[in-house]
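S.K.: From first to last, the protein sequence lines stand for chains A and B. Here the first sequence is numbered in our numbering, starting from 1 and rising by one per residue. Here the second sequence is numbered in our numbering, starting from 304 and rising by one per residue.
Wrong hints could be hidden among the right ones.
Cut-off 20 Å, straight-line C-alpha distance, at most; resulting in silico cross-link-like pairs (EDC-like, lysine to aspartate or glutamate) [claimed, not checked]:
(1) B:K502 / A:D79
(2) B:K366 / A:E261
(3) B:K644 / A:E142
(4) A:K115 / A:E202
(5) B:K546 / B:D452
(6) B:K421 / B:E456
(7) B:K546 / B:D446
(8) B:K501 / A:E170
(9) B:K491 / A:D59
(10) B:K491 / A:D72
(11) B:K501 / B:D539
(12) B:K501 / B:D446
(13) B:K487 / A:D72
(14) B:K491 / B:E641
(15) B:K644 / A:E170
(16) B:K458 / A:D48
(17) B:K501 / B:E566
(18) B:K366 / A:D48
(19) B:K633 / B:D361
(20) B:K633 / A:D79
(21) B:K487 / A:E202
(22) B:K517 / A:E261
(23) B:K491 / B:E630
(24) B:K402 / B:D413
(25) B:K492 / B:E641
In case anyone wonders, no lab produced these hints; they're calculated from the structure. If you're wondering where the values come from, they're calculated on a predicted model, not measured in any experiment.
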Amino acid sequence: MNNLARIRERRENRNRWLLLTPALVILIFAASGPLLITLVYSFLTAGDYGGVKWEFSTDAWFNVFFQRDIFDDTLSFADAHLSIFWRSVKLSLLTTLGAVVLGFPTAYFIATRPKHHRDFWMLLIMIPFWTNLLIRTFAVMELIRNEGTLNTFLMTIGVIDAPLQILFTETAIIIGMLYVYLPLMVLPLYASMERLDFSLIEAGYDLYASRVSVLRRIILPLVKPGLIAGSILVFVPSLGAYVTPRVMGGGKQLMLGNLIELQFGQGRNWPLGAALSITLLAIVMVALLFYVRVAGREGGGHG
Amino acid sequence: MKKTFTAVVAATFVAAPAFAEGTLNIYNWGNYTSPEMIEKFEKEYDIDVTITDYDSNDTALAKIKAGGHGYDIVVPSGTYIPIFVGEGLLMELDPAEFKNFGNIDARWMDVAFDPGRKYSVPWQWGTVGVTVNTSVYGGDINDAALVFDPPEELKGKINVVPEMNDVMGMAIHYVGGKTCTGDKDVLKKVRDVLVNAKKNWLSMDYGNIEKYAKGDLAAGVNWNGASMRARLQNKDIAFGYPKTGYPVWMDNAAILADAQNVENAKLFLDFIMVPENAAMLSKFARYANGISGSEEFMPEDMKSAPEIVVPAEVKDAAYIAETCPPEVSKIYTQIWTELQK
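Generate coordinates for the entire structure from the input sequences, incorporating the hints supplied.
M.R.: Structural data, given as structure tokens:
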């Protein structure tokens with residue numbers, strides 16, 4: 001009897017592993033595989049014309065953070081890389097902030113509509129999201145160009161005399177990313193707000209809470225998971241954005257994605273590109289760990 | 304309904320081409336191969352041609368290096384020919400096999416990137432110069448200073464194409480250096496010139512024909528073909544050749560070492576060296592070709608175009624873009640990254 005149970009248990013165990021195999025294979029080869037190759041490449045020597053030579057080297061990692069001056073050979077922080085890192089983080093944070101400011105009222109508006117109207121409003125949020133990223137970016141560019149819609153309108157009604165130079169500035173990158181990633185903020189926020197128990201808000205008003213304290217003490221804590229999820233969903237792709245900074249920044253303000261592309265393309269320094277990619281990944285990981293910790297605490301609090 | 308169906312079926316049979324003698328797979332830049340010329344080639348030799356596009360030399364190099372591509376012909380820029388050859392990706396040619404080999408313009412025969420034309424034949428060539436809106440700036444346009452030390456009226460309206468080698472090369476010649484120099488003193492000057500100049504640039508971007516035509520941009524480093532297309536939309540746009548030196552590039556057709564249809568590929572290379580056929584390429588892509596005798600077949604609007612016909616006084620300032628050695632290239636990338644940070 002005992003023996004039989006053990007055999008059954010063993011068989012179940014084996015079946016479980018067999019059933020898991022396809023998923024594991026995909027995870028190992030499709031997800032970790034390329035990542036491992038990137039990691040390995042970051043420790044190799046750059047090939048003369050792209051590619052890598054199979055010689056161990058830590059040059060790439062050294063060059064991520066430090067540089068030897070081309071001319072007097074002094075060692076210093078890699079000023080160019082660090083300022084691009086900083087710009088990426090700064091612009092991504094500003095984009096996230098902008099998405100919260102615009103996305104929160106939008107999601108609240110939709111969640112407070114009658115149930116049969118909500119789908120319509122959500123559809124309006126989703127439609128631009130179905131359009132190709134490049135096309136959406138070029139559409140925004142057409143709006144803010146010197147001879148574009150916004151400037152022409154402002155000049156016609158006489159608010160400004162000369163066109164505002166918005167395109168090819170950091171502001172343009174933020175506007176572009178904000179437009180592109182806003183749905184990623186609205187969707188999770190809307191999901192939390194839809195479940196919001198509005199009788200709690202009524203109760204708050206009944207107890208003489210002001211509008212501000214209802215927002216701060218009741219709504220915000222309840223939709224916080226959605227807010228954090230939305231922020232992560234906007235922050236992470238902004239950090240690695242490639243197309244938007246390329247088109248809206250006019251190639252003058254590189255972000256991390258563009259710097260990495262430069263190393264794999266014209267720079268012909270694949271190990272440095274690989275090391276920069278892993279660095280980007282590390283920044284994303286830190287952001288996600290932060291999320292897990294905050295979200296975990298929230299989950300515990302609410303049971 | 305049934306009648307229509309029968310008609311369609313009949314039409315399909317009639318229109319279906321007879322099975323061609325052979326096939327040829329060309330791997331080329333997008334929007335670069337004259338369909339008219341390909342049709343002529345297909346008819347003349349009864350060969351089915353398939354064209355696949357790429358968008359950069361690096362893409363082409365990476366894909367061909369990976370193997371299993373099935374292409375017969377590739378069209379890399381001169382700067383990439385030595386890399387393709389070094390990697391053993393191209394087939395060595397025997398000039399005696401091509402009856403039109405002698406049509407190659409003497410200037411394009413013994414080029415540094417392929418001495419004696421052992422691996423490639425000319426496809427199209429062009430220059431990198433400065434595009435200027437003459438209604439904004441009225442002075443001499445054959446001057447790299449318009450971009451590197453711009454006059455007041457052009458500041459903030461300048462675009463530089465983000466092609467590292469072309470821009471670095473033009474700047475090196477501007478401060479008096481030589482192509483692919485590793486001289487630190489020269490490179491220091493280059494860096495200072497570029498970093499100072501960048502403050503006056505609006506953007507470093509590729510697609511710019513519309514922006515020049517509509518006046519968003521007033522000057523910048525540009526390709527001659529793109530500049531010509533902008534001029535056709537706005538007559539104030541002109542193309543200048545910097546007196547201090549400007550790069551000349553050439554894209555070249557070559558047969559891949561592992562080509563499947565070698566004989567057909569050779570027929571094709573011979574075919575594009577016929578002046579009339581080379582002119583067809585130019586008519587489509589708006590660049591010059593390296594085949595002498597093609598001039599008389601060129602479209603009228605290109606015969607006298609200042610973007611195609613280099614003025615005599617700046618002819619000698621041209622230098623042919625080269626593949627710089629890796630150690631020099633590394634310094635260029637460092638300066639380039641600093642410029643774009």
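S.K.: Sort out whether D59 of chain A lies within 20 Å of K491 of chain B, counting only the CA atoms.
M.R.: violated (23 Å)
S.K.: Would the hint linking K644 of chain B and E170 of chain A be met if the CA-CA limit is 20 Å?
M.R.: Holds, at roughly 13 Å.
S.K.: Check the hint pairing K487 of chain B with E202 of chain A against an upper bound of 20 Å on the C-alpha distance.
M.R.: The hint is violated at about 73 Å.
S.K.: Given the proposed pairing of K458 of chain B with D48 of chain A, does the C-alpha separation stay at or below 20 Å?
M.R.: violated (38 Å)
S.K.: Given the hint that K402 of chain B pairs with D413 of chain B, does the C-alpha gap stay at or below 20 Å?
M.R.: Between K402 of chain B and D413 of chain B the Cα gap is close to 18 Å, so the pair holds against 20 Å.
S.K.: Tell me if the straight-line CA distance from K491 of chain B to E641 of chain B falls inside 20 Å.
M.R.: It holds: about 12 Å lies between the C-alpha atoms, which stays within 20 Å.
S.K.: Is the Cα-Cα distance between K366 of chain B and D48 of chain A 20 Å or less?
M.R.: Judged against 20 Å, a Cα distance of about 17 Å means the pair holds.
S.K.: With the threshold set at 20 Å, check whether the alpha-carbon distance from K644 of chain B to E142 of chain A stays at or below it.
M.R.: violated (25 Å)
S.K.: Please work out if K501 of chain B and D539 of chain B have their alpha carbons no farther apart than 20 Å.
M.R.: violated (25 Å)
S.K.: For a C-alpha distance cap of 20 Å, please report whether K491 of chain B and E630 of chain B respect it.
M.R.: Given that 20 Å is the threshold and the Cα spacing comes to 16 Å, the pair holds.
S.K.: Given the hint that K421 of chain B pairs with E456 of chain B, does the C-alpha gap stay at or below 20 Å?
M.R.: Distance of about 48 Å is beyond 20 Å: violated.
S.K.: Quickly compare the C-alpha distance for K546 of chain B and D452 of chain B to 20 Å and report which way the hint goes.
M.R.: Measuring from Cα to Cα gives roughly 15 Å; hence the hint holds.
Taken one by one, the earlier hints fail for this structure at numbers 3, 6, 9, 11, 16, 17, 21 and 22, listed in ascending order.
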